[in-house]
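**Student:** Given the coordinates of chain A, work out where chains B and C should sit on it, guided by the hints.
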Amino acid sequence: MDTTKKTIILFSGDFDKVMAALIIANGAAAMGDDVTIFCTFWGLNILRKTEKVPTEVKKTALQSMFGRMMPKGTKKLGLSKMNFAGAGSPMMRKATKDAGGMSLEELFDSALEQGVTFIACTLSMDILGFKEEEMIDGLEYAGVAAYLGEADEANVNLFI
Amino acid sequence: MDTTKKTIILFSGDFDKVMAALIIANGAAAMGDDVTIFCTFWGLNILRKTEKVPTEVKKTALQSMFGRMMPKGTKKLGLSKMNFAGAGSPMMRKATKDAGGMSLEELFDSALEQGVTFIACTLSMDILGFKEEEMIDGLEYAGVAAYLGEADEANVNLFI
Amino acid sequence: MDTTKKTIILFSGDFDKVMAALIIANGAAAMGDDVTIFCTFWGLNILRKTEKVPTEVKKTALQSMFGRMMPKGTKKLGLSKMNFAGAGSPMMRKATKDAGGMSLEELFDSALEQGVTFIACTLSMDILGFKEEEMIDGLEYAGVAAYLGEADEANVNLFI
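Residue numbers (the working numbering), protein chains in the order written: chain A, 8 to 167; chain B, 8 to 167; chain C, 8 to 167.
Treat the hints with caution; some may be incorrect.
Cβ-Cβ distance ranges computed for the label pairs, FRET-style [claimed, not checked]:
#1 B:Phe91 with C:Gly107: 37 to 43 angstroms
#2 B:Ala68 with A:Leu119: 53 to 59 angstroms
#3 C:Glu58 with B:Val60: 45 to 51 angstroms
#4 A:Thr57 with C:Met72: 27 to 33 angstroms
#5 B:Met38 with A:Lys138: 25 to 31 angstroms
Derived by calculation from the structure, the hints in this document are not laboratory data. Think of the CB as a built atom: it goes at the ideal place given N, C-alpha and C, for glycine as much as any other residue.
Next up, chain A with everything else stripped away, as it sits in the complex:
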């Protein structure tokens, strides 16, 4: 076991939970820890490119619908509570800015710059119909076995 390794399963795509995950990841990385965030289900959304990407692979009607309805990147995420039909996140963003905190985008960029590893869950991608060319650069692609391998080497493993 290695006390300098942490893993987070980011299952949620809620603004506030993603923010919590990225704050923990950045904090651990700043302390010299090796951090892996395994993004699955709704958590995959933060890894999607915001622009429309033409893909050669045909999607099912359901997958096309998931693709249209689910947010791309961190900018459109809603709050898990008090979302007020979408007004909640902008309010939380403003309050964070007023408090001098980093924005969700800055936290995400900082995590990437600090070397946090983002793994996109391939099973979830297959189900939701997300293709690698639709995802941002610099990701790893793997399944639950890879997560478990990382978690076995870490001393803090969270499911968010």
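**Tutor:** Frame of chain A, contents of chains B and C only:
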């Protein structure tokens, strides 16, 4: 400590979160790990028999209501997000099937076959009025002390 | 590593999730474990004094709104599911009492009496505009680095 032991507290009864828990449990079991899923609150629903079971023990009006309103087994679970008044889970089921993934029922059966231990939280059962004869076979029944005993021996402990 | 230490990040302010966190914390403390609950985002609500506290520090309009809309203490928390516009928690409270279980307030008091450490996340407080004089006595105030320091010494770390 034992790197071959994992525990999951399954608090959620949401289709997508139960699916995540079972995928992790199956993956770990397939790698030879000893896995315990401690089902509590809404997570107890997956352990309920789907058929109506006559119980001799009288339930309070509240407990009868909980029993009627909460889903029995894995088939009626809703999504945590984009549930669309119940249409979300069937869509996620179809997308999973299209992708060649295991159904929630197959994942659950596989977990049982691979020897994953399911513990039903007795305090939650007392509160919700669930009786042992209403639950599927092969479960263990215990409280938080048992969970903590398992978690102390495990190297990955998740709350889902 | 120390098998007698546990940490919980309490991110949620839902009645049922707070209850689960406090049951685990009390159980671990009763077994002699050193338990830290790091309260962040909605989880901060349980640490707020229920009475109105005049603060000299001026809040932004957003922070005043957060302060008014978010529950103070444990008594007004809603359920994560089946909340029925607020009727869910009183039903769960009654069912818990009928079953002879401890109330949320008793669980919280017991945790404090057993020496569970509650840390209020200072970043979340800055964002939401919560001031120390608005919080109950006996808390510690710290950020993610303090959490990570505790988690590195613990063998069970949960995100609830």
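**Student:** Hints first: check each against the structure and report whether it holds.
**Tutor:** These are the hints, each one checked on the structure:
no. : hint                                      : result
1   : B:Phe91 with C:Gly107: 37 to 43 angstroms : holds (39 angstroms)
2   : B:Ala68 with A:Leu119: 53 to 59 angstroms : holds (54 angstroms)
3   : C:Glu58 with B:Val60: 45 to 51 angstroms  : holds (48 angstroms)
4   : A:Thr57 with C:Met72: 27 to 33 angstroms  : holds (30 angstroms)
5   : B:Met38 with A:Lys138: 25 to 31 angstroms : holds (28 angstroms)
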